[in-house]
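**Q** With the sequences and hints as input, model every part of the structure.
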Amino acid sequence: MARRAQLGIQFNWLFVLIIGAIILAFFITLINNQQEKAGAEEATDLVESLDTVFTVINTEPDTYDAFPIPDAEVEFTCEPGLSQYYIQGAGPIDTTYDPIFTPDVLRGDTIMSWTMTWGIPFEVAVLTFLANDRTLFVFASDEQDGFVKAMADELPEQFPRQTTSVSNIGGALLERGYSRYVVITDKAVKSMVPTELWDVTYVRHINPLGNGIDSYGQIKFYDASTREVTEPYFTEALAWGAVFAQDADAYRCAANKTLIHLQVISTILERRARAIAQELGALSFCYDNFLLVADSFQDFADDPSFDKARTFHSHRQTIENYQKISLRGYRCPDLY
Amino acid sequence: MPGPVLRRGQLQIGESMIVIILILIIGVFALVFFANMTKAKYQVRLGQYEDLNAVETAHIVNSLYELRCAKTGATEVCVDKHKALAFAQLQQDEPELVNDYYFDLFRYSRIELQEIYPEGHNYTLYEVNASSQGQVVKALVMPVAIYNNSAGTNSFGILSVERFYTRRSSTT
Numbered sequence: 001m002a003r004r005a006q007l008g009i010q011f012n013w014l015f016v017l018i019i020g021a022i023i024l025a026f027f028i029t030l031i032n033n034q035q036e037k038a039g040a041e042e043a044t045d046l047v048e049s050l051d052t053v054f055t056v057i058n059t060e061p062d063t064y065d066a067f068p069i070p071d072a073e074v075e076f077t078c079e080p081g082l083s084q085y086y087i088q089g090a091g092p093i094d095t096t097y098d099p100i101f102t103p104d105v106l107r108g109d110t111i112m113s114w115t116m117t118w119g120i121p122f123e124v125a126v127l128t129f130l131a132n133d134r135t136l137f138v139f140a141s142d143e144q145d146g147f148v149k150a151m152a153d154e155l156p157e158q159f160p161r162q163t164t165s166v167s168n169i170g171g172a173l174l175e176r177g178y179s180r181y182v183v184i185t186d187k188a189v190k191s192m193v194p195t196e197l198w199d200v201t202y203v204r205h206i207n208p209l210g211n212g213i214d215s216y217g218q219i220k221f222y223d224a225s226t227r228e229v230t231e232p233y234f235t236e237a238l239a240w241g242a243v244f245a246q247d248a249d250a251y252r253c254a255a256n257k258t259l260i261h262l263q264v265i266s267t268i269l270e271r272r273a274r275a276i277a278q279e280l281g282a283l284s285f286c287y288d289n290f291l292l293v294a295d296s297f298q299d300f301a302d303d304p305s306f307d308k309a310r311t312f313h314s315h316r317q318t319i320e321n322y323q324k325i326s327l328r329g330y331r332c333p334d335l336y
Numbered sequence: 337m338p339g340p341v342l343r344r345g346q347l348q349i350g351e352s353m354i355v356i357i358l359i360l361i362i363g364v365f366a367l368v369f370f371a372n373m374t375k376a377k378y379q380v381r382l383g384q385y386e387d388l389n390a391v392e393t394a395h396i397v398n399s400l401y402e403l404r405c406a407k408t409g410a411t412e413v414c415v416d417k418h419k420a421l422a423f424a425q426l427q428q429d430e431p432e433l434v435n436d437y438y439f440d441l442f443r444y445s446r447i448e449l450q451e452i453y454p455e456g457h458n459y460t461l462y463e464v465n466a467s468s469q470g471q472v473v474k475a476l477v478m479p480v481a482i483y484n485n486s487a488g489t490n491s492f493g494i495l496s497v498e499r500f501y502t503r504r505s506s507t508t
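Residue numbers (our numbering), protein chains in the order written: chain A, 1 to 336; chain B, 337 to 508.
These are calculated hints, taken from the structure and not from any lab test.
C-beta: ideal position from N, C-alpha, C; glycine also.
Wrong hints could be hidden among the right ones.
Label-pair restraints from in silico Cβ distances [what the hints assert, rightly or not]:
{"#": "1", "chain 1": "A", "residue 1": "A188", "chain 2": "B", "residue 2": "Q450", "range": "41 to 47 Å"}
{"#": "2", "chain 1": "B", "residue 1": "Q450", "chain 2": "A", "residue 2": "R316", "range": "33 to 39 Å"}
{"#": "3", "chain 1": "A", "residue 1": "A66", "chain 2": "B", "residue 2": "T489", "range": "41 to 47 Å"}
{"#": "4", "chain 1": "A", "residue 1": "T96", "chain 2": "B", "residue 2": "Q450", "range": "28 to 34 Å"}
Computed far set for chain A versus chain B, every beta-carbon distance over 10 Å [what the hints assert, rightly or not]:
{"#": "5", "residue": "I23"}
{"#": "6", "residue": "A275"}
{"#": "7", "residue": "P333"}
**A** Here it is as structure tokens:
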């Protein structure tokens, strides 16, 4: 009888243990699921934030914004045939038509975004520049009133920056606590970057060939990955694109997206110009100008290129003057 | 015949089982309640997201350079008539180009501009997946000025944005 009672007690314990383990496993699974769900929700929130940034830029260009990315990492890819960003837990998001200039990977506490309109001079696209709060922008020039100084003044104040002379670049880069250093300069400064910082320093040597920075020129990229590559730029907005882009390839890829915008917008503007010309009639003194500009738009639509955009942009003064022409109080309609 | 100790043991096991079953039932109830709460919260959030999307889409349409009046145009919410006409023609001639290029911005939507006064015209600017069945529709209508650049006149119109979602079968 005592043995039976012992068996009964042992069975009770065994029973409680098994059921306890099942209940424990149940709750552990539940907590795990909740944690995964919370992670996915965080990722979705981040995607929504980014999506809003990329959407809102179309309505409010030339603005600065910042949003938190606690414990997250955003990976950007831009190469021929594939353009997207990826956040763990949220899947890839397509950015085929979004000219985003950014490092390949953004991590840290905050993503900072800045947008700028690319116009020739009519608005073509809104460029997005992204960086994290651990990026230091170093503006190095010996000129007091040069374009480098102007760019330093233009960068929104929230972006960490240093202004220095060319000879003191090494000292400016010793400002600790940053994971990425971008040097914007008007001189070749490669040899002045301390060797130990070479992997995290990205030099952009800008050489304007036209009239000032908001014209055209060349940018030399000195990076640990690409070493030394020269790319053309056209207007200040694209020069900023080169500053924020990971390397020359990423810059070229994002910059080429503006040409797709140029193609679509030119198609619409060409149809508009021809319709207005037709309404005005061949006797109108505005007629020829509309046909001329319609031909330019058609040319962009057929085969968009930065060279053509540059030529069009160089005639902007003539076009703006034309807009002011009036005859006996009659003013020509807007060309675009 | 089982002895009194065995019977007492069986009773104890029975009690334990009842307690465990009760705990499990309470657990299942809690789980169902929690799942329903989460679902309701999700639905509310989704609804807000959809509403916000419709407003966002309308705001984007309003500010698109492809449609907006030039700086010399009249009012803030102003559509250039010739741009709208060209946009609508392009949508008609090359729907793949327009729908692909603007899909990221407008997704599954129908965007129409109606010129009401003094003349009546209708321009369909964008239309993707508007005819599928069982969609939720979030619609937004707003008054706009339509500026005729060649004549230098303004007319009154309405910009209508409908966004479609295919998850549920009801229509709001």
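**Q** Of the hints stated earlier, which fail here?
**A** 1, 5, 6 and 7
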